[in-house]
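Participant: Chains A and B are the protein sequences, given in the same order.
Here the working numbering is used: the first residue of the first sequence is 8, the next is one more, and so on.
Here the working numbering is used: the first residue of the second sequence is 14, the next is one more, and so on.
Quick caveat, the hints were computed from the structure, so don't treat them as lab data.
Do not take every clue at face value.
Below, in silico cross-link-like pairs of lysine-lysine (DSBU-like), each with a Cα-Cα straight-line distance of 35 Å or less [claimed, not checked]:
id, chain 1, residue 1, chain 2, residue 2
1, B, K211, B, K246
2, A, K75, B, K142
3, B, K49, B, K337
4, B, K379, B, K22
5, B, K246, A, K36
6, B, K35, B, K251
What you are looking at is a predicted structure, and each value in this text was computed from that prediction instead of being measured.
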Amino acid sequence: MTAFYLPEGLPVPTWEGDELQRPYWEGVKQEQLNIQRCGDCNAWQWGPEWMCHECRSFNMNWAPIEGKGIIYSWTRAWHPVHPALADRGPYLAVLVELPDYGNVRMLGNLLGDEHQEVVIGTPVHAVFEHHPDNAIPHTLVQWERGS
Amino acid sequence: MAERSLRGKVAVAGIGETPYYKHGQAPDPEIVLALKAILAACDDAGIDPAEVDGFASYSDDRNNPTRLAAALGTKELRFSNMQWGGGGGGGSGAIANASAAINAGIADTVVVYRSLAQGQFARFGQGPKIPAIAGDPAFNIPYGIMSPAQQYSLKAMRFMHEHGIHQTALRGIAMASYYHAQNNPRAIMRGRPLTEEKYDNSRWISEPFHLYDCCMENDGAAAVILVSAERAKDMKHKPAYVLGAALGSDGGTGRGAYNGAHFASSHFTSVSRNLYDMAKVGPKDVDVLQSYENFTGGVLMSLVEHGFVEAEEADEFLVLDNLKADGGKLPLNTSGGNLAECYMHGLELITEAVHQIRGDSPNQVKDVNVSMVISGPMVSPVSNSIYGSEASL
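The shape of chain B in the complex, shown without the other chains (with noise of 0.2 Å):
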């Protein structure tokens, strides 16, 4: 049987974006929003909207692949997916299922996207405004722990207890994202430079996240375009291969109640592995790491569990030297991310691995070959994905 990997058959051929906006305040509805960004992502890889026959998604995005389709024209609608789970856990994953399908023989033409607006929707750091609460969250909910900052910080508050890792090590991964911002015209913290005493000033979350360990939240669209290896050769852009790219979570990770298995963690011991074994390189062969920061401590854990620095080195390792695109020793959100970028559930994190392998960031790492994307972490299922240049192949 021939071996079954995604290693080279698919490339990420055009990407787009709207402009990015304090939540609220997108002058578009969401739908308008998603068009505009696929719309962007065709006109950079150079093609023709009506030839996207595939529609890739995850956290229960509102933007149905049936109406999209019909607005851009698609002549045939051949694949429509959503990665199940909440947050930005499912990013590379809406990547994996998009490139199984092309290297399947399903679609030849897929978008992946992500459309947010909190306007005219709700926002996501706030706790429910009803008067009762059934099932699962009632055993939180009512505890007063009903946003992201809120029932993260336990997992954080234990993993940092576990091994003996300390509030710096937090701050050194909210530096990194808040430095590559102040470069990056796209970012929404761009101009807000943050200092390790802003840092240690700042107000509580909830503990053990300050103001600056939280994701912002934020209106806007992205959009992927993917196609398979040997089409991508000849389009406008230089093709950033999909090494690998896996989803999922260690058995039991998804009981209620704050029962899962391996509290602890990011929930990426397994789904690491998957993804280095497909993509035939390890920590050390990559290049630069956008790493989902919903909150510092979720990087904290999947930078462990992914291999690039062990728990108990993490003090050490994590101070904005060693993070920087210019010349850290692993560069890190080099857009600025979900901390100081965009919070676009993290598809930004995709485009920005992207640009690193075209060599266009505007914090651009010498000599990119792999690039890697950890999407959103603690959540469940999770996944991860690697992009490679020709190079790499």
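Next comes chain A alone, as it looks inside the complex (with noise of 0.2 Å):
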């Protein structure tokens, strides 16, 4: 039994050379959870953007925030479209809403039973799932039910 949600395998993320995403990789490695945050406007924004969508600054700063929100939407995954799935069974995808952050929305697996009725609009908070010995460490942030 793997300590992963998913098996091996598949596409792993990196962000060599990246400026835009390193904040984010860099921080979950931590289990922190960074987003962007308008130096002018205050507006929460992601995923990463040059420029802030509200207000047109480019004075993008990143801010920690809680790993906390809602199940906004959700899909059963069946059909295997990666080798690496192929034994893998059905699995849950969240996207999440953090109603905190100016409702913007992550996207992760649900942890637990794949089978679990899910239901939009349950709480749930962030896991982190550390990748330390992948040819790129790194993490992935899942989500469990329960504030």
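Work from the hints to combine the two standalone chains into their complex.
Facilitator: Following this line, the structure appears as structure tokens:
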């Protein structure tokens, strides 16, 4: 039994030379979720963008947030579309809305029973899934029911 | 200032296709498929292929107009155009671009084309087999959300939740495509009818999508020849006039990492208004509709956002009887579409819309004057188009 929700062998995140992505991926390795916040108008923004979509400022900062949200949408994927998933069986993905941070949304897997009933609006919290031994050491952000 | 509109200025004079194949089974390379479809469309229009002076495509079609023009003996290349955006979202956009070019005097004879050989090139419905992924896709691919079915399932799930829509509505859409394919000699799924029971018992791909909610993946090519309305009147076939074509999406739709505005949407709310304004028709005037089924959930949202059905009435309305060419209230996907005719990135929906105006579809709707196409939903930009008979002008 692996400690990871999905088997190894899927493409892993890389942010080599990508300054726009780096603060997020370096942060989650330290169990810290960082997202963007505009230095001028204070709007939260996610995913990473060079410009504030509210006020057109290029003064984008990063701010730590708490990984708490509610399920906005979900799917249970059954059909394997990658060889690494061939023997996995169905798995759950959730799109989580973070009401405390401008309703930004984050996608991850929903931990626990793959066959559980999933209800939109259910509170979830972030769980850091570390992959330190990967060729690219990285951390995925998963979600678990409960606030 | 004169009214700025494409309405009635341009017409489809010719349509052509190769045979349609299961993915990876085309006997020809992709560029040969493109050339064969263009030659067929020229033949259908009754024009010399050397007369084609404009090319418009979408979805990063790999067949460069300069290569096609050289092969076809084009005398002068005057317009080469690519509509941005993935999947079938740009199908009607390419029609809009081609029509605008003709109307503006940039070119006289423009072909809209799309060619796919997934044996020669990669398939759509598979995840990338690479060790690492950078940028925006790093926020979904490592979590196993890689294929279009998986990505768009999240939109459909949310939309169905917001409006209390059930699986049966998706089933009705799938049933319509399979029903019409049974009469269509070109359809890959001819001879494989779908029943409610077969749908209900089919495997899940990614909830809420069953197998039959998902398009096929095919090889082949299609082409559409556009000329000025004046010129089309004297050509071989009854012209299918472009009444309108629109493309785009609401602001904010293109934000990354699943944070686009209007998430639970086909992305047509403003584009549908722009189309109807140009065409000077509304949903009640549409005699027959082709609505791109990458996934049935996309059709559901497209129908709502084009005013064909209220979301709250979708369960009740989206049943096969209402969607049939023979007597349905809203004849839908009358060739079998992407689900059951061929996944030619929706250009096959435009050729079917033209057949309906000409009166020679295998599932001909009676007295068609207004024939509409909603191209690939849920991407950005999206696009749509309406074709009309002479009487509609």
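Participant: Hint by hint, say whether it matches the structure.
Facilitator: Hint by hint, here is what the structure shows:
1. B/K211 with B/K246: violated, 46 Å
2. A/K75 with B/K142: holds, 32 Å
3. B/K49 with B/K337: Since the Cα atoms of B/K49 and B/K337 sit roughly 32 Å apart, the hinted pair holds (cutoff 35 Å).
4. B/K379 with B/K22: With Cα atoms ~25 Å apart, B/K379 and B/K22 stay inside 35 Å; holds.
5. B/K246 with A/K36: violated, 67 Å
6. B/K35 with B/K251: Between B/K35 and B/K251 the Cα gap is close to 32 Å, so the pair holds against 35 Å.
Hint check: violations occur at hints 1, 5; the rest are consistent with the structure.
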